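K.L.:
Here are the chains, one letter per residue:
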Amino acid sequence: MLNTSEVERLDAEAVNSAKVRQPLYAPRKKIFPKRASGTFRRFKWLVMLVTLGIYYLTPWLRWDRGPHAPDQAVLVDLANRRFYFFFIEIWPQEFFFVAGLLVMAGIGLFLITSTVGRAWCGYACPQTVWVDLFLVVERWAEGERNARIKLDKSPWTLNKVTRRTAKHVIWLLIAVLTGGAWIFYFADAPTLLVDVVTGRAAPVAYITVAVLTATTYVFGGLMREQVCTYMCPWPRIQAAMLDENSLTVTYNDWRGEPRSRHAKKAAAAGEVVGDCVDCNACVAVCPMGIDIRDGQQLECITCALCIDACDSVMDKIGKERGLISYATLSDYNANMSIATAGGTSALDPRRVRDEEGGRLVDGLAHFHPAKIFRARTFIYFGAWALAGLIMLYALLSRDRLEVNVLHDRNPQFVTLSDGSIRNGFTVKLLNMIPEPRVIFLSLEGLPGGLMSANGIDQPEGRSLAVPVEPDRLRTLKVFVRQPAAHVEGTAQSFRFVVEDKASFETDTYVATFNAPEASQ
Amino acid sequence: MSEQQHIDEATGVATTGHEWDGIRELNNPLPRWWVWTFYATIAWSLAYMIAYPAWPLISTATEGLLGYSSRKEVRQELQAAEAAKGEYVSAIAETDVAAVLANDQLRQFAAAAGAAAFKVNCVQCHGSGAQGSPGYPNLNDDEWLWGGAIEDIQTTIAHGIRFAGDDETRLSEMPAFDFLEPTQIKDVANYVVSLAGGTADAASVEAGATVFADNCAACHGDRGKGMTELGAPDLTDAIWLYGDSAADIAAQVRRPQNGVMPAWGERLGPVTVKELAVYVHSLGGGE
Chain A
1 MLNTSEVERL DAEAVNSAKV RQPLYAPRKK IFPKRASGTF RRFKWLVMLV
51 TLGIYYLTPW LRWDRGPHAP DQAVLVDLAN RRFYFFFIEI WPQEFFFVAG
101 LLVMAGIGLF LITSTVGRAW CGYACPQTVW VDLFLVVERW AEGERNARIK
151 LDKSPWTLNK VTRRTAKHVI WLLIAVLTGG AWIFYFADAP TLLVDVVTGR
201 AAPVAYITVA VLTATTYVFG GLMREQVCTY MCPWPRIQAA MLDENSLTVT
251 YNDWRGEPRS RHAKKAAAAG EVVGDCVDCN ACVAVCPMGI DIRDGQQLEC
301 ITCALCIDAC DSVMDKIGKE RGLISYATLS DYNANMSIAT AGGTSALDPR
351 RVRDEEGGRL VDGLAHFHPA KIFRARTFIY FGAWALAGLI MLYALLSRDR
401 LEVNVLHDRN PQFVTLSDGS IRNGFTVKLL NMIPEPRVIF LSLEGLPGGL
451 MSANGIDQPE GRSLAVPVEP DRLRTLKVFV RQPAAHVEGT AQSFRFVVED
501 KASFETDTYV ATFNAPEASQ
Chain B
1 MSEQQHIDEA TGVATTGHEW DGIRELNNPL PRWWVWTFYA TIAWSLAYMI
51 AYPAWPLIST ATEGLLGYSS RKEVRQELQA AEAAKGEYVS AIAETDVAAV
101 LANDQLRQFA AAAGAAAFKV NCVQCHGSGA QGSPGYPNLN DDEWLWGGAI
151 EDIQTTIAHG IRFAGDDETR LSEMPAFDFL EPTQIKDVAN YVVSLAGGTA
201 DAASVEAGAT VFADNCAACH GDRGKGMTEL GAPDLTDAIW LYGDSAADIA
251 AQVRRPQNGV MPAWGERLGP VTVKELAVYV HSLGGGE
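Those sequence lines, one after another, are chains A and B.
The numbers in the UniProt record's numbering rise by one with no breaks, and the one at position 196 of the first sequence is 196.
The numbers in the UniProt record's numbering rise by one with no breaks, and the one at position 177 of the second sequence is 177.
A portion of the hints provided could be inaccurate.
In silico DSSO-like cross-links for lysine-lysine, where the CA-CA straight-line distance does not exceed 30 Å [to be verified]:
{"#": "1", "chain 1": "A", "residue 1": "LYS501", "chain 2": "A", "residue 2": "LYS477"}
{"#": "2", "chain 1": "A", "residue 1": "LYS167", "chain 2": "A", "residue 2": "LYS30"}
{"#": "3", "chain 1": "B", "residue 1": "LYS119", "chain 2": "A", "residue 2": "LYS477"}
{"#": "4", "chain 1": "A", "residue 1": "LYS150", "chain 2": "A", "residue 2": "LYS501"}
{"#": "5", "chain 1": "A", "residue 1": "LYS153", "chain 2": "A", "residue 2": "LYS30"}
{"#": "6", "chain 1": "A", "residue 1": "LYS34", "chain 2": "A", "residue 2": "LYS371"}
{"#": "7", "chain 1": "B", "residue 1": "LYS119", "chain 2": "A", "residue 2": "LYS428"}
{"#": "8", "chain 1": "A", "residue 1": "LYS477", "chain 2": "B", "residue 2": "LYS72"}
{"#": "9", "chain 1": "A", "residue 1": "LYS167", "chain 2": "A", "residue 2": "LYS150"}
{"#": "10", "chain 1": "A", "residue 1": "LYS167", "chain 2": "A", "residue 2": "LYS19"}
{"#": "11", "chain 1": "A", "residue 1": "LYS30", "chain 2": "A", "residue 2": "LYS19"}
{"#": "12", "chain 1": "B", "residue 1": "LYS72", "chain 2": "A", "residue 2": "LYS428"}
Each pair of labels, with its calculated beta carbon distance range [unchecked claim]:
{"#": "13", "chain 1": "B", "residue 1": "LYS85", "chain 2": "A", "residue 2": "HIS68", "range": "22 to 32 Å"}
{"#": "14", "chain 1": "B", "residue 1": "ARG223", "chain 2": "A", "residue 2": "ALA491", "range": "32 to 42 Å"}
{"#": "15", "chain 1": "A", "residue 1": "HIS68", "chain 2": "B", "residue 2": "SER69", "range": "56 to 66 Å"}
Rather than coming from a laboratory, the hints here were simulated on the basis of the structure.
Model, not experiment: these values are computed from the prediction.
Where is the CB? At the ideal position from N, CA and C, for every residue including glycine.
Produce the complete structure using the sequences and hints provided.
P.N.:
Written as structure tokens, this is what we have:
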């Protein structure tokens with residue numbers, strides 16, 4: 001039944017293992033990940049396609065905003081201090097929406113991590129996605145794992161130079177496109193593309209492309225797993241999100257140990273053998289260069305490629321899949337307890353199999369989706385949803401018409417020839433919609449008060465009609481005058497009210513009218 | 001070294017051979033990337049010293065191959081700023097000041113530029129908010145000794161008030177009425193207070209009216225309404241340059257103070273004068 005002879009043993013060694021801890025400053029060991037194939041690999045291709053697609057294509061989505069704003073669906077318009085996201089337009093003072101999105105992303109990451117472990121690291125992190133993409137190029141240029149190892153050791157022949165050059169040229173090309181795509185989020189993409197190609201774009205565009213090209217090339221091509229191990233803070237933090245019910249990639253040693261390279265012979269000799277044939281396939285495919293059989297470790301990004309590799313070996317030798325699997329610590333402990341008879345004896349994989357030593361017994365624990373619903377995930381989801389609801393409420397109830405007022409402090413008041421007192425104000429009218437409109441600025445309170453403004457050719461009165469351009473702020477110098485007979489005290493409170501008579505939007509600013517002490 | 005290399009037992013790392021009280025120094029080389037970064041900084045600093053001004057000489061410094069100088073950079077930036085303003089400045093130079101006021105864009109530019117010029121040239125007398133002080137008119141209010149129309153303001157700024165160095169300066173001086181009897185001065189001061197709506201002794205006011213008609217009406221008008229052509233202030237309103245009490249007014253009749261404002265046209269040029277006029281007009285008192 002055991003056909004271990006069919007399984008090729010790979011000469012793969014983990015870059016770091018529990019048994020032989022490498023010193024902290026040991027030189028890096030190069031990793032040549034073998035291509036895995038299976039469910040998780042296919043899922044990773046899908047995620048790569050979707051995430052890269054979103055990244056490269058988003059700036060090219062158009063959105064009709066009329067003649068007053070750029071027709072780009074997602075645009076961070078730094079020059080005009082606007083942020084466009086489909087039907088939402090954000091002004092600088094509304095930047096808390098972006099902060100809120102970041103809060104949601106953070107809590108969302110906690111939520112995902114607490115349920116399915118480091119899914120972000122394994123599938124969606126840009127570092128993972130671009131390293132994966134760069135590995136495709138490397139495989140194309142230099143061949144599969146063994147060929148790459150051989151090429152790496154070989155002297156610099158023409159063949160090696162050609163292959164290496166091809167690899168780096170394509171890497172750089174990808175890096176340039178990656179850096180290039182970034183800048184399109186900050187300006188109208190079609191215009192900017194023409195400007196960049198013809199050399200007319202702003203220096204900051206070229207600098208951004210250069211910096212992102214360099215980081216993509218260095219991080220994705222040269223540093224790879226070192227970014228995750230040494231530079232990224234997330235592996236250190238994620239442990240706090242995990243508990244005994246979080247899914248992690250687990251080597252099920254309760255059925256795998258003791259591992260044997262010659263399982264058939266050992267079994268024939270009556271020795272106890274587990275399912276692991278020590279073929280090293282899991283180590284060879286690992287992009288982080290670790291051996292998952294050493295247990296859960298910091299470097300593991302739970303990309304599950306080792307599961308794919310192990311499953312295909314299990315298929316080959318006719319065992320059930322899942323020697324390496326996504327499992328929770330509690331399931332693992334339960335199964336381990338069966339294999340060690342409640343901890344009373346040494347690990348014996350025969351205990352998890354039925355009498356004939358064939359099928360796995362029924363009493364084994366498996367992950368149950370209900371485990372996702374526990375206090376921790378409810379709290380994370382609640383916090384996430386709360387942040388989302390607050391933002392949604394803020395978005396639906398936000399003002400598109402605002403007034404801001406600055407009282408002139410120098411002088412605070414002016415006595416006019418007829419004895420009336422006048423205060424100066426700088427009034428800022430914000431028309432936050434992409435349509436021109438006439439905003440009515442009126443006085444409320446302040447008996448007898450009259451108002452005039454520089455640049456508004458209207459007679460002094462209680463109300464002024466001010467045309468404001470679309471999506472713009474209009475600053476007005478406004479003079480408010482109160483006849484001497486009405487002046488009461490040195491500081492009177494009154495209100496500036498702005499109103500759009502078409503949309504019924506209003507906003508109010510409470511201001512103060514100052515007068516000299518001795519005024520009668 | 002002829003000596004055999006010593007290997008530290010605990011770490012398996014070679015030592016440098018240095019030993020202090022039995023403590024040996026491990027020979028852990030620096031990481032290669034660190035060393036190369038270090039070399040790169042040295043190379044960079046050398047290149048920098050050649051490319052940019054670096055070595056101090058006795059009265060100057062080496063110029064560097066790029067010919068960079070921060071002063072040159074400032075000069076270029078100033079030129080660029082001037083050039084950026086140029087379009088507006090030349091438009092203002094060619095446009096009549098009333099037309100500048102009518103053009104919204106030009107008006108805003110001129111008011112901003114005028115505010116800056118005001119902060120440099122005018123605040124010493126008129127105050128940082130143009131609020132004035134006794135003897136120095138408040139430019140925010142609506143009383144204008146020489147007229148508050150934009151052209152009047154322009155002329156006042158350009159040629160000054162009673163400024164000896166300018167032929168077109170605004171001239172007129174209130175003479176000293178110290179030849180009047182002290183009671184006459186007291187009476188006329190009371191009359192003026194009554195003109196402005198203040199309370200004064202009726203008998204004194206009546207006597208003062210005659211004094212006023214004989215001596216003051218020529219400039220200040222029969223009803224004390226003033227005359228902007230002569231710079232004679234309106235005596236009936238609430239605004240007083242030298243104080244509104246009868247004593248203040250009497251002092252001003254006996255030995256008047258006459259304010260002087262320099263002519264700014266020569267010094268600042270016609271564009272800045274126009275900008276200043278627009279700014280002062282925008283303070284809210286312009287007619």
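K.L.:
Which hint numbers does the structure go against, in order from smallest to largest?
P.N.:
4, 6, 8, 10, 12, 15
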